[in-house]
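Taken in sequence, the protein lines are chains C and V. For the first sequence, position 313 (counting from the first letter as 1) is numbered 313 according to the numbering used here, and the numbering increases by one without interruption. For the second sequence, position 380 (counting from the first letter as 1) is numbered 712 according to the numbering used here, and the numbering increases by one without interruption.
By construction, these hints were calculated from the structure, which means they are not laboratory data. Predicted model only: the values in this text are computed from it and were never measured. Keep in mind that a hint or two might mislead.
[Stated by the list, open to error] Chain V side only, calculated, beta carbon under 7 angstroms to chain C, not exhaustive:
| id | residue |
| --- | --- |
| 1 | Lys424 |
| 2 | Asn426 |
| 3 | Gly432 |
| 4 | Asp449 |
| 5 | Lys451 |
| 6 | Gln594 |
| 7 | Ile595 |
| 8 | Glu740 |
| 9 | Leu743 |
| 10 | Ser745 |
| 11 | Ser747 |
| 12 | Val748 |
[As the list claims (entries may be wrong)] Chain V stretches covered by chain C per the calculated footprint, using a threshold of three residues with CB under 8 angstroms from any CB of chain C:
| id | stretch |
| --- | --- |
| 13 | 579 to 593 |
| 14 | 644 to 655 |
Positions of the beta carbon are idealized from the N, C-alpha and C atoms, including for glycine.
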Amino acid sequence: MGSAVTHAPALEGRADPEPRHGPVKSPRPAELKRRRRRENLAGYLFMSPWIAGFLLLTAGPMVASLYFAFTDYNLFDAPRWIGLDNFSEMFGDPRWRHSVRITLWYVVVGTPVKLIAALGVALLLAQKRRGQAFYRAAFYAPSLIGASVSVAIVWKAIFSDDAVVDRTQQLFGIDAGGWTGDPELIIYSLVALTVWQFGAPMVIFLAGLKQVPRELYEAADVDGAGKLRQFWNITLPMISPVLFFNVLLETIHSFQIFSSAYIVGGGAGGNACGPADGTMVYTCYLYVQGFENSRMGLASAMAWMLLVAVALVTAVLFWSQKRWVHYEEGGR
Amino acid sequence: MQQGGNAERQAGRRTILKAAGASLAVAGLGATATACGGGSGSGDGTVTIRYSWWGAEDRAERINKTIALFEKKYPKIKVKTDFQPYTDFWKKFNTQASGGNPPDVFQNAIGFLRKYDAKNVLLDLSGQVDAGNLSMDGFRAGLEKFGEIDGKLLGVPVGSNSMALVIDKPVYTRAGVKPEQGWTWDDFDEAMTKIRDRTGRAGDSGMYGVMYLYDLYLRQNGKAFFTEDGLGFTEADLTTWWTKAEKGVKSGLFADAKKVAQIKPKSALSAELAGSEFTWDNFTVRYTSEGKSEYGLAPIPTTDGKRTGQYLGSLMLSGYKRTEHPKEVAQFIDFMVHDPEVAKIMGYDRGVPTTQAQYDAYRPTDPVNKAIAAYEESLVEAGVLEQITPHPNGADICEAAFLRIAEEMALGSRSVEEAVEQFFTESKTALAG
Numbered sequence: 001m002g003s004a005v006t007h008a009p010a011l012e013g014r015a016d017p018e019p020r021h022g023p024v025k026s027p028r029p030a031e032l033k034r035r036r037r038r039e040n041l042a043g044y045l046f047m048s049p050w051i052a053g054f055l056l057l058t059a060g061p062m063v064a065s066l067y068f069a070f071t072d073y074n075l076f077d078a079p080r081w082i083g084l085d086n087f088s089e090m091f092g093d094p095r096w097r098h099s100v101r102i103t104l105w106y107v108v109v110g111t112p113v114k115l116i117a118a119l120g121v122a123l124l125l126a127q128k129r130r131g132q133a134f135y136r137a138a139f140y141a142p143s144l145i146g147a148s149v150s151v152a153i154v155w156k157a158i159f160s161d162d163a164v165v166d167r168t169q170q171l172f173g174i175d176a177g178g179w180t181g182d183p184e185l186i187i188y189s190l191v192a193l194t195v196w197q198f199g200a201p202m203v204i205f206l207a208g209l210k211q212v213p214r215e216l217y218e219a220a221d222v223d224g225a226g227k228l229r230q231f232w233n234i235t236l237p238m239i240s241p242v243l244f245f246n247v248l249l250e251t252i253h254s255f256q257i258f259s260s261a262y263i264v265g266g267g268a269g270g271n272a273c274g275p276a277d278g279t280m281v282y283t284c285y286l287y288v289q290g291f292e293n294s295r296m297g298l299a300s301a302m303a304w305m306l307l308v309a310v311a312l313v314t315a316v317l318f319w320s321q322k323r324w325v326h327y328e329e330g331g332r
Numbered sequence: 333m334q335q336g337g338n339a340e341r342q343a344g345r346r347t348i349l350k351a352a353g354a355s356l357a358v359a360g361l362g363a364t365a366t367a368c369g370g371g372s373g374s375g376d377g378t379v380t381i382r383y384s385w386w387g388a389e390d391r392a393e394r395i396n397k398t399i400a401l402f403e404k405k406y407p408k409i410k411v412k413t414d415f416q417p418y419t420d421f422w423k424k425f426n427t428q429a430s431g432g433n434p435p436d437v438f439q440n441a442i443g444f445l446r447k448y449d450a451k452n453v454l455l456d457l458s459g460q461v462d463a464g465n466l467s468m469d470g471f472r473a474g475l476e477k478f479g480e481i482d483g484k485l486l487g488v489p490v491g492s493n494s495m496a497l498v499i500d501k502p503v504y505t506r507a508g509v510k511p512e513q514g515w516t517w518d519d520f521d522e523a524m525t526k527i528r529d530r531t532g533r534a535g536d537s538g539m540y541g542v543m544y545l546y547d548l549y550l551r552q553n554g555k556a557f558f559t560e561d562g563l564g565f566t567e568a569d570l571t572t573w574w575t576k577a578e579k580g581v582k583s584g585l586f587a588d589a590k591k592v593a594q595i596k597p598k599s600a601l602s603a604e605l606a607g608s609e610f611t612w613d614n615f616t617v618r619y620t621s622e623g624k625s626e627y628g629l630a631p632i633p634t635t636d637g638k639r640t641g642q643y644l645g646s647l648m649l650s651g652y653k654r655t656e657h658p659k660e661v662a663q664f665i666d667f668m669v670h671d672p673e674v675a676k677i678m679g680y681d682r683g684v685p686t687t688q689a690q691y692d693a694y695r696p697t698d699p700v701n702k703a704i705a706a707y708e709e710s711l712v713e714a715g716v717l718e719q720i721t722p723h724p725n726g727a728d729i730c731e732a733a734f735l736r737i738a739e740e741m742a743l744g745s746r747s748v749e750e751a752v753e754q755f756f757t758e759s760k761t762a763l764a765g
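All chains, please: the whole structure from these sequences, using the hints.
Quick look at the structure:
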C-alpha cells in the first residue's frame, strides 16, 4: 500500500534539475532516510481516510463474516460457535443445491453467449464506417445503465404476462405466457439481460482488435486465406490475451449476479427469487437466508463458499491460459 | 541532526497536520451522520417518534391524514413515518432492530409477536396502561386480549379481519352454487366441480398454499398449524392436504399454478383465473379495485357442519422496548385505536376497527365495505369465533415456506412427498432458531 505513494516520481532521490540554493550537493544517506521517513508518514496520513475506510468497511466486515461463518447468528442474540455446522447444513440443503445449479447454469450459458455477442459486434464496429462513434456509444450504453435496478424493473415489465414479449409470441401462435412468471423460462430472461449488456467486454475487444497488425492480414490475403481462416488463425490468437481477460472478468461477474435475479424474480413482495425459485441464484439465496430468515451465520458461510468457488474457477482459468493465450514475444 | 533541515521539517509537519485535519474532518462527518439516526428530543420539549408500517400508497395517504390529526391534538409530539411493502418491511425492520435503531412504534401482526418478544424488541405496554397513557377499554369481542402473550401486552389491535372465501359473484350464480354458513368440505368440492363444468373456470386459485386456511381446517379437526413451540400437525396430515390439492390442480378444479404465478402481483381471482379465493375478508376491497367483476364473501367450509375454526386476525401497533419515549408511543397508539375521526379516515383499510367507538364512527356506505361488515357480524352471530392459537418464534418463515413449497408442488416441480419433506425440514430449522 505505502510503496505506491513513496515512489511518487517527484519526491524520491531525484537529482534536482534547477539548483536553487547554491551548489548542488547530493544529500547524504542519513538525511535521505530521514526525508523518506517523513514523506512516508505524510503519505500514510493522506491515505488514512482510505485506510480507515478499508479497515472499517472492508477488512473488518470480512474478518467478522469469517468468524460468523462458524457461528449461529441471528442478528439479535450473540453469535454462538457451531464449528462447521453451517457448511454441512448448506450441503444438505436441497434449496442450496438448487441455487448452485442455477448459478452454474447461468455462468456456463450466459457468459459465452455474452462474449460471443460482444466479440461479434466488436468485429463489426472495428471496421471503418460512417457513424461509427454513434454505434459504439449505442452498443455500450446498456452496460452503463445495465446494472441498475430500474433496468431490471423495465426488463420485468417487458417479459411479464401480456407484455411485449408475450404478445409477440402470441403473434406467432405461441401461448407460453410471460417469461417472468414461468419457473422454467424466467432464467432465460436473465440471460437475455446480461447478454444485452455486452458493451463493456465489447469495448475491450475493440481495443484488442485495433492492436492486431495489418500486415498479418495483408500477408494472409497474399497467401489466399479466406476471412474465416484469417479470423481463426490471426484475429483469435492475437486477441487471446484480451479474450482471456474478458472471460475471467465476465465469469466472476456472472457468479455475482444478484440484483437482476432479485428484481426480475419478484423482489419486493411475493416470492423472493422467482416462481418456484426460478431465479434463486446463489447470492439471492444468500440474501434470503441472511435478511429474510435472519441467519447471518449461515449467510456468511455461504459468502465464503462463493469466494472459494470463484477463486477456484479463476485459478483454473489462469492455469488453462498456457494452452490458449498467446502473448507476443517478450510480452509475457 | 542538522539544523538546515528545520524549515523542511516544519513544512513536513504542516503537511502532516493538514492531512490529519482532513482525515479528522472526514471522521467527524461520519460521526455526525451516525448521530443523526438516533436523535429525537429537542430543546422546547417537542418529541419525535418514528412510526413505520407496511402497505402501499393509498394507505400512506390515509395514515398521513391521521397523523396530521394526531399532531394537532398533541402538538408536542411529532411523528415521522416510513413504509414498505410487507416483505421489505420486515427485512428493513430486522436490520434496524438488530442495530438497536428500530422505529418507536410500528405495525405488527400475530406471527411476529413471539419472535420479536424473544429478541427483546417489543415494549410491554401494560405499564403504560397502568400509567393511564393507553386505554384498553372499549374493544369489540375480546380483541383487547389479542396482543397479549405470557401476560405481557405486546401489541394493540387496530383492525380485525377474518378468513373468508372471496367469490366472484356472477360466476357462482352461473354455476348455481349458493354457499351458506355451515356448508361442508364435501359441499365445497361439489361446488368446485360445478363451477369448472358450468363456467369453464377453475373454482379456486390455490387454497393449498394458504397457511391460515389450512390452520382452520386443522382446527376443525382438533389440531392446529402451530403449537406454542412447533408444528401442530404431522407429515401424514399435510400429505393428505397436498395430495388432494395436486389432484385438484390436475383436474382443473384449481387454477393452473403457472398462470397464477405469471399474473402476479394481480390475484388469480381478479384476473378471472378462478371463481373464488380463500383470503382475509378485507381483501375484497383490493379485488374490487383490481378486477372487473363483482366480489362477495362466503363462509369457510366446515368439517362437521358447524365449526369453522375461525378467529379474528388483526394488525396491531407495537412499541420498541428501548424507545426513549414510551409515554408518547402509548399516547399515539391510544389515539390511533380510539379516536373516532381516525376510523373515518382509515375505513376498513386495515380491517374492521377494533374499538366500539371507532366501529360506530365509520359506517360503510359502499357495497363492498358493507359486505365486509355484514360478514364479520355474521361470524359473531353464528358464534363460530374462537381464540387464535399462538404462533411460535419462526412462524413467519414457516408461512413463507408453506406458500412457496405448495406452489412448487402445484407447478409440478416437486412431488407431494418431496414437498412435504421439504416443508418439514425447513420448518424444523426455522422453529429451532
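The hints, checked one at a time:
1. Lys424: 9 angstroms, violated
2. Asn426: 6 angstroms, holds
3. Gly432: Where the cut-off is 7 angstroms and the nearest Cβ of chain C is about 10 angstroms from glycine 432(V), the hint is violated.
4. Asp449: 11 angstroms, violated
5. Lys451: It holds, given that the least Cβ distance between lysine 451(V) and chain C is near 4 angstroms, below 7 angstroms.
6. Gln594: 3 angstroms, holds
7. Ile595: 5 angstroms, holds
8. Glu740: Check passed: Cβ of glutamate 740(V) comes within 4 angstroms of chain C, closer than 7 angstroms.
9. Leu743: Hint holds; leucine 743(V) Cβ to chain C Cβ min 5 angstroms, cut 7 angstroms.
10. Ser745: Given a least distance of 5 angstroms, the restraint on serine 745(V) holds.
11. Ser747: 13 angstroms, violated
12. Val748: 15 angstroms, violated
13. 579 to 593: holds (count 3)
14. 644 to 655: The restraint on the stretch 644 to 655 of chain V is violated, since only 0 of its residues have a Cβ under 8 angstroms from chain C and three are required.
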